[in-house]
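Residues in the sequence shown are numbered from -15 upward in steps of one, following the working numbering.
Hints are supplied without guarantee of correctness; some may be wrong.
Computed Cβ-Cβ distance ranges for the label pairs, DEER-style [what the hints assert, rightly or not]:
1) P68 / S105: 33 to 41 Å
2) P68 / K106: 13 to 21 Å
3) P28 / R87: 17 to 25 Å
4) N39 / R87: 29 to 37 Å
5) R87 / R31: 31 to 39 Å
6) Y79 / E21: 37 to 45 Å
7) N125 / D(-5): 32 to 40 Å
8) K83 / D59: 16 to 24 Å
9) P107 / R31: 19 to 27 Å
10) S105 / L67: 16 to 24 Å
11) Y64 / S105: 20 to 28 Å
In silico BS3-like pairs for lysine-lysine, Cα to Cα no more than 30 Å straight-line [as the list claims (entries may be wrong)]:
12) K4 / K22
13) K(-4) / K35
14) K83 / K58
15) K122 / K106
16) K4 / K106
17) K36 / K89
18) K4 / K58
19) K36 / K106
20) K56 / K4
What the hints contain is simulated information worked out from the structure, not anything from laboratory work. Each residue gets a CB set at the ideal place from its N, CA and C atoms; glycine is no exception.
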Amino acid sequence: MIILAIDPGRDKCGYAVLNKVKSGSRLNNEENNWLCEKGIIVTPDLRSYLKKLLNKYNIGVFVLGDGTNSEKIKDLLLDYFELPVIIVNEAYTTYEAEKLYRREKLRGWKRIFSFIKWKPSKPIDDYAAVILGQRFLKENN
């Protein structure tokens, strides 16, 4: 099953395409969860970019966080695409996304002193979308 997870926002949305069995980048050493692609899109361009992703991957379901702007994004998804939209609780996704970012990006002395909890220097909405996708896959094994 290929899913497209979206972390909705007013100005930008994070997205992540995850596949239960396809090769790609492994997620948190979870054997069967694979990340095909992730990124951040400005919200006004979301619909056109999602069309490109749907043409590139055989996506079966949208997974949408229940946070800021989720109702508008849900309406957009239901109006323009013929896929189910599953709402996932966004509680603590920012915290988990920061942990995932640090595991992936911190190098050198920052990794040695990882207990300091460095804040990411860029938006991490894409990492939050990965967390949402992981939550959905974990609940729907």
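Against the structure shown, which of the earlier numbered hints fail to hold, in ascending order? 2, 3, 6, 8, 10 and 11
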